[in-house]
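Student: Protein chains in written order, with our numbering: chain A, 25 to 529; chain B, 10 to 104; chain C, 89 to 580.
Since the hints were derived computationally from the structure, they do not count as laboratory data.
The model shown is predicted, which means the values in this text are computed figures rather than measured ones.
Just to be clear, a hint being listed does not mean it is correct.
Computed cross-link-like contacts, PhoX-like style, restricted to lysine-lysine with a CA-CA straight-line distance of at most 20 Å [stated by the list, open to error]: (1) K38/B - K106/C; (2) K70/B - K106/C; (3) K436/C - K101/B; (4) K94/C - K105/C; (5) K152/C - K106/C.
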Amino acid sequence: MTTMVSDFERTMRKREARPEDLIKGQTGDWEIILGLEVHAQVTSNAKLFSASSTKFGAEQNTQVSFVDAAMPGMLPVINRYCVEQAVRTGLGLKAQINLRSVFDRKNYFYPDLPQGYQISQYKHPIVGEGEVVLDMKDGRTVTVGIERLHLEQDAGKSLHDQHPAMSFVDLNRSGVALMEIVSKPDMRSADEARAYVTKLRTILRYLGTCDGNMEEGSLRADVNVSVRKPGTPLGTRCEIKNVNSIRFIGQAIEYEARRQIEILEEGGSISQETRLFDPKTGETRSMRSKEEAHDYRYFPDPDLLPLELLQDDVDAIKASLPELPDEKKARLISEYGLSPYDATVLVGEAARADFFEAVAKGRDAKLAANWVTGDFFGALNREGHSIEETPVTAKQLGELIDLISDGTISGRIAKQVFDSMYKTGRDPAKIVKDEGLQQVTDFGEIEAAIDAVIAANPDKVEQTKVKPQLAAWFVGQIMKSTSGKANPRVVNEILARKLGLSSDG
Amino acid sequence: MSVDQKTVRHIARLARIAVRDDELEALAKELNGILDWVEQLGEVDTSGVEPMTSAVAVAMKMRDDVVAVQNLQAEVTRNAPNSEDGFYVVPKVVE
Amino acid sequence: MSDLTKLTLAGARDALKKKEITSTELTGAYLKEMEAAAPLNAYVTVTADKAMEMAKASDAKLAKGEGGPLEGLPLGIKDLYCTKDVLTTACSHILDGFKPAYESTVTANLWRDGAVMLGKLNNDEFAMGSSNETSHYGSVVNPWRRKGSDAKLVPGGSSGGSSAAVAAGLCLAATATDTGGSIRQPAAFTGTVGLKPTYGRCSRWGIVAFASSLDQAGPIGRDVRDTAIMLGSMAGHDEKDTTSVDRAVPDYEAVLGQSIKGLSVGIPKEYRVDGMPGEIDELWTRGIEWLKAAGATVKEVSLPHTKYALPTYYIVAPAECSSNLARYDGVRYGLRVDGHDITDMYEKTRAAGFGAEVRRRVLMGTYVLSAGYYDAYYLKAQKVRSLIARDFAEAFSEVDVLLTPTAPSAAFAIGEKTDDPLSMYLNDVFTVPVNLAGLPGISVPAGLSSDGLPLGLQLIGRTFDEETLLKAAYAIEQAADFKAAPEAWWKA
Numbered sequence: 025m026t027t028m029v030s031d032f033e034r035t036m037r038k039r040e041a042r043p044e045d046l047i048k049g050q051t052g053d054w055e056i057i058l059g060l061e062v063h064a065q066v067t068s069n070a071k072l073f074s075a076s077s078t079k080f081g082a083e084q085n086t087q088v089s090f091v092d093a094a095m096p097g098m099l100p101v102i103n104r105y106c107v108e109q110a111v112r113t114g115l116g117l118k119a120q121i122n123l124r125s126v127f128d129r130k131n132y133f134y135p136d137l138p139q140g141y142q143i144s145q146y147k148h149p150i151v152g153e154g155e156v157v158l159d160m161k162d163g164r165t166v167t168v169g170i171e172r173l174h175l176e177q178d179a180g181k182s183l184h185d186q187h188p189a190m191s192f193v194d195l196n197r198s199g200v201a202l203m204e205i206v207s208k209p210d211m212r213s214a215d216e217a218r219a220y221v222t223k224l225r226t227i228l229r230y231l232g233t234c235d236g237n238m239e240e241g242s243l244r245a246d247v248n249v250s251v252r253k254p255g256t257p258l259g260t261r262c263e264i265k266n267v268n269s270i271r272f273i274g275q276a277i278e279y280e281a282r283r284q285i286e287i288l289e290e291g292g293s294i295s296q297e298t299r300l301f302d303p304k305t306g307e308t309r310s311m312r313s314k315e316e317a318h319d320y321r322y323f324p325d326p327d328l329l330p331l332e333l334l335q336d337d338v339d340a341i342k343a344s345l346p347e348l349p350d351e352k353k354a355r356l357i358s359e360y361g362l363s364p365y366d367a368t369v370l371v372g373e374a375a376r377a378d379f380f381e382a383v384a385k386g387r388d389a390k391l392a393a394n395w396v397t398g399d400f401f402g403a404l405n406r407e408g409h410s411i412e413e414t415p416v417t418a419k420q421l422g423e424l425i426d427l428i429s430d431g432t433i434s435g436r437i438a439k440q441v442f443d444s445m446y447k448t449g450r451d452p453a454k455i456v457k458d459e460g461l462q463q464v465t466d467f468g469e470i471e472a473a474i475d476a477v478i479a480a481n482p483d484k485v486e487q488t489k490v491k492p493q494l495a496a497w498f499v500g501q502i503m504k505s506t507s508g509k510a511n512p513r514v515v516n517e518i519l520a521r522k523l524g525l526s527s528d529g
Numbered sequence: 010m011s012v013d014q015k016t017v018r019h020i021a022r023l024a025r026i027a028v029r030d031d032e033l034e035a036l037a038k039e040l041n042g043i044l045d046w047v048e049q050l051g052e053v054d055t056s057g058v059e060p061m062t063s064a065v066a067v068a069m070k071m072r073d074d075v076v077a078v079q080n081l082q083a084e085v086t087r088n089a090p091n092s093e094d095g096f097y098v099v100p101k102v103v104e
Numbered sequence: 089m090s091d092l093t094k095l096t097l098a099g100a101r102d103a104l105k106k107k108e109i110t111s112t113e114l115t116g117a118y119l120k121e122m123e124a125a126a127p128l129n130a131y132v133t134v135t136a137d138k139a140m141e142m143a144k145a146s147d148a149k150l151a152k153g154e155g156g157p158l159e160g161l162p163l164g165i166k167d168l169y170c171t172k173d174v175l176t177t178a179c180s181h182i183l184d185g186f187k188p189a190y191e192s193t194v195t196a197n198l199w200r201d202g203a204v205m206l207g208k209l210n211n212d213e214f215a216m217g218s219s220n221e222t223s224h225y226g227s228v229v230n231p232w233r234r235k236g237s238d239a240k241l242v243p244g245g246s247s248g249g250s251s252a253a254v255a256a257g258l259c260l261a262a263t264a265t266d267t268g269g270s271i272r273q274p275a276a277f278t279g280t281v282g283l284k285p286t287y288g289r290c291s292r293w294g295i296v297a298f299a300s301s302l303d304q305a306g307p308i309g310r311d312v313r314d315t316a317i318m319l320g321s322m323a324g325h326d327e328k329d330t331t332s333v334d335r336a337v338p339d340y341e342a343v344l345g346q347s348i349k350g351l352s353v354g355i356p357k358e359y360r361v362d363g364m365p366g367e368i369d370e371l372w373t374r375g376i377e378w379l380k381a382a383g384a385t386v387k388e389v390s391l392p393h394t395k396y397a398l399p400t401y402y403i404v405a406p407a408e409c410s411s412n413l414a415r416y417d418g419v420r421y422g423l424r425v426d427g428h429d430i431t432d433m434y435e436k437t438r439a440a441g442f443g444a445e446v447r448r449r450v451l452m453g454t455y456v457l458s459a460g461y462y463d464a465y466y467l468k469a470q471k472v473r474s475l476i477a478r479d480f481a482e483a484f485s486e487v488d489v490l491l492t493p494t495a496p497s498a499a500f501a502i503g504e505k506t507d508d509p510l511s512m513y514l515n516d517v518f519t520v521p522v523n524l525a526g527l528p529g530i531s532v533p534a535g536l537s538s539d540g541l542p543l544g545l546q547l548i549g550r551t552f553d554e555e556t557l558l559k560a561a562y563a564i565e566q567a568a569d570f571k572a573a574p575e576a577w578w579k580a
């Protein structure tokens with residue numbers, strides 16, 4: 025969608041990079057201007073214009089109808105659900121839904137493009153302007169404009185490594201529905217581009233409109249990169265095609281920006297072109313096959329009538345939308361008093377936020393957030409588990425927190441109990457009981473332990489009278505002698521009395 | 010507007026039709042003949058006129074999201090000039 | 089019965105129902121006629137075994153008093169229709185050897201109703217032509233000759249095989265397609281009836297596409313009744329074609345013979361073009377008189393953008409065809425000419441696979457869609473097309489049908505117009521506007537030229553009002569009483 029991007033790139037964008045996002049060159053600072061075109065595979069059973077399956081990983085050419093193979097006389101019939109998915113996504117991006125849109129043919133020859141054209145939407149996309157709010161690591165938010173979203177067909181796949189002189193073509197993907205989501209050139213650093221794709225993927229997953237699986241190619245990004253001196257007009261951009269991981273997006277941008285800066289600082293100029301990112305070298309290179317000037321000869325597909333939607337249908341989809349990450353985040357902050365950081369971490373995946381809410385319900389929200397985002401997510405990461413694979417249920421983690429709150433165990437012991445829960449999946453109460461981990465709250469038992477320590481250290485008792493803070497030393501000794509199980513509150517109370525200090529000291 | 014030989018070569022390339030150098034002149038002449046003739050559309054005042062996008066005035070019907078095509082690997086490859094193992098085989102594509 | 093192949097479709101149907109004849113006899117008789125008519129080159133593929141098999145199956149049904157509306161009736165199928173496991177080439181070299189694994193919706197409808205397939209009929213390559221001279225399999229020869237001449241004439245195009253086969257008695261009726269006149273003009277050139285239905289009346293699924301917004305399937309038959317019967321089976325909504333329209337198919341045959349008293353007939357004054365032969369003009373006037381005599385009222389109407397229809401068509405149709413024909417790339421079916429890389433293979437395959445006219449239109453279409461020219465050509469043409477459609481809509485607010493000549497001349501000689509694409513294109517001057525507006529039209533034989541060649545009159549109707557069109561056509565047919573037939577010189 026090269027031409028569309030250049031149209032809006034010509035308009036000056038208001039946003040300026042922060043000083044820390046500028047790149048230092050020989051001749052001064054440079055600003056990076058980034059716009060992304062994300063291709064997201066629509067989650068659906070059948071293809072956009074045919075009744076073939078979209079399932080990933082099938083044997084070559086086994087999910088290809090006569091329509092997908094562009095046999096003579098075949099005609100496209102649009103899949104209603106794919107249209108609804110696009111509308112759902114548009115609504116999730118707070119975007120304008122166009123009740124009338126048009127499918128066009130984008131004409132070019134390629135062996136994995138059987139019709140000799142891709143059915144896409146050029147002048148009249150189904151979704152217009154919207155926005156995505158990025159949550160940056162430092163707590164900042166950045167708003168990135170969405171230019172448009174349109175529906176189009178995916179191409180097939182050519183395999184080049186099967187034969188020295190021939191390519192092998194598999195059309196299983198041919199005709200699968202894609203949403204092309206075009207951002208405005210609103211990003212100013214690789215971090216922002218990464219945050220954009222991450223957030224977009226989160227939104228798509230919340231909506232259930234794309235599984236966001238980048239390894240299987242369900243989500244790919246074309247990255248438009250240009251550089252300029254701050255305050256000067258936009259530079260010539262290069263488009264890096266089909267980058268298929270969030271990490272690579274960052275690497276590709278950083279390499280490409282430096283490449284362009286180097287050329288410009290040496291007095292050269294950037295030629296507008298399509299480039300490929302090579303993950304092995306971390307470099308981008310010009311695409312040979314795309315050198316020839318493209319002229320896609322778009323025109324409305326005469327096999328398809330204009331796509332007309334009813335406002336009522338759009339409203340019905342809107343009413344059925346799930347709570348989206350931004351709203352969920354705001355609610356977690358207001359309802360549970362969470363920090364924006366904790367809330368951001370939790371809403372990154374709907375299942376994580378749901379887990380948190382199940383744990384926090386009726387409990388100390390801050391304590392619940394600490395446990396969920398700290399020990400629990402830490403364990404998932406360490407073990408490489410997804411939230412769905414967790415051996416510890418939300419109910420169990422809630423029970424653990426209850427044991428802390430009611431004084432049955434200390435926070436320190438709780439960590440030990442949690443490790444055991446994660447390893448065995450057992451209930452926390454059972455672990456505490458079986459392993460005798462409950463706190464000692466029996467006054468007599470604690471008093472005896474205190475008396476023993478006092479008796480053994482008369483000099484320390486004398487010193488404490490002068491320096492009350494030495495009481496902490498006694499606490500440590502007592503905890504040691506009770507293997508950490510003595511209730512610290514009870515220890516403090518009795519100790520203060522015995523040493524003649526005020527207990528709130 | 011007039012089509013020169015270079016333009017004919019360019020559009021033949023876009024259309025992926027090999028054209029010999031000695032055919033260019035005649036092709037340019039033919040295309041110019043037709044183009045000169047269609048130029049007369051310039052006489053028509055079309056300001057405010059919407060282009061015709063479909064010959065039928067009905068709402069587009071849509072299909073349900075149901076997989077109704079089974080494995081047609083044999084049927085879709087049986088007419089292929091070169092196929093192997095269920096793949097279509099073409100001269101190497103360089104990216 | 090000695091003259092089995094002289095029966096009309098309706099006559100044969102009735103004879104089969106009454107068990108006076110069998111489908112096997114009828115089909116056998118046609119296969120024999122086809123063999124004798126090789127010089128006409130109407131068929132490109134004969135499916136004799138399949139035909140006899142289908143005929144036998146029909147006879148079994150007929151014997152039990154069962155069967156569909158076309159049970160046992162042998163038909164010819166234009167090679168643009170994909171027929172399962174039967175060679176389908178659109179008469180292009182580029183579809184060499186292509187045997188579809190599917191059946192077009194329209195032909196499937198015919199087989200559902202019991203029809204028998206005799207074979208595939210010749211046509212202009214990808215239906216691009218008005219004389220059937222662009223076929224990769226050679227020209228079709230019109231069974232009609234000028235009085236006292238044995239010069240070979242064209243049967244019209246692109247459905248030249250269909251029109252010639254019906255005129256020469258090589259099938260009861262034939263399927264055809266019409267993008268700019270490809271049913272009506274060949275019908276006029278051969279003394280047959282050709283019906284182009286409303287765009288969306290018949291499914292386009294499985295018919296090799298030329299220009300998607302203009303292409304429409306329809307029949308060529310011996311008389312109005314036969315085309316009405318054919319359309320009844322061919323038409324209908326198809327979920328596989330989004331542009332086919334979901335409305336009931338009426339009993340077209342039932343309206344034939346109904347009075348046209350009070351019918352309002354429009355005569356578009358812009359169709360009185362310069363240089364039109366006097367005898368065409370006279371035929372037109374006779375047509376007006378016949379309709380008046382049958383009780384219709386006649387008035388002049390204006391279709392002011394008529395002269396822009398052909399140039400509009402020669403932008404829109406090539407643009408669509410340049411894209412529709414991109415799939416013929418040597419990868420999945422048809423011809424492949426090897427090359428040193430993929431682009432070389434494409435270019436060689438398409439250069440060898442497409443004939444001169446197809447190549448010309450693909451290049452023309454590519455040009456008018458290319459960067460910088462889209463607005464000036466394609467968009468402009470689609471706007472003019474809106475005006476042409478509006479002209480018809482306004483005319484139809486005053487009248488029920490329009491009467492015009494079908495073509496500006498009678499059949500011409502093979503080779504006469506091949507050097508000048510423009511003079512060939514002008515053949516479609518009266519038929520093209522109908523396609524641009526998506527309307528139904530029919531050509532009815534109405535008389536002979538001074539050379540003894542058939543001439544046709546065209547009726548144009550409102551969208552989806554084929555019934556009124558057929559009623560009026562039937563009235564003309566009755567009045568014209570066209571009985572002339574070509575001599576079977578090809579059998580000599």
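Student: Each hint should be assessed against the structure and marked as holding or not.
Tutor: Now for the hints, and whether the structure bears them out:
no.: 1; hint: K38/B - K106/C; verdict: violated (61 Å)
no.: 2; hint: K70/B - K106/C; verdict: violated (43 Å)
no.: 3; hint: K436/C - K101/B; verdict: holds (16 Å)
no.: 4; hint: K94/C - K105/C; verdict: holds (17 Å)
no.: 5; hint: K152/C - K106/C; verdict: holds (12 Å)
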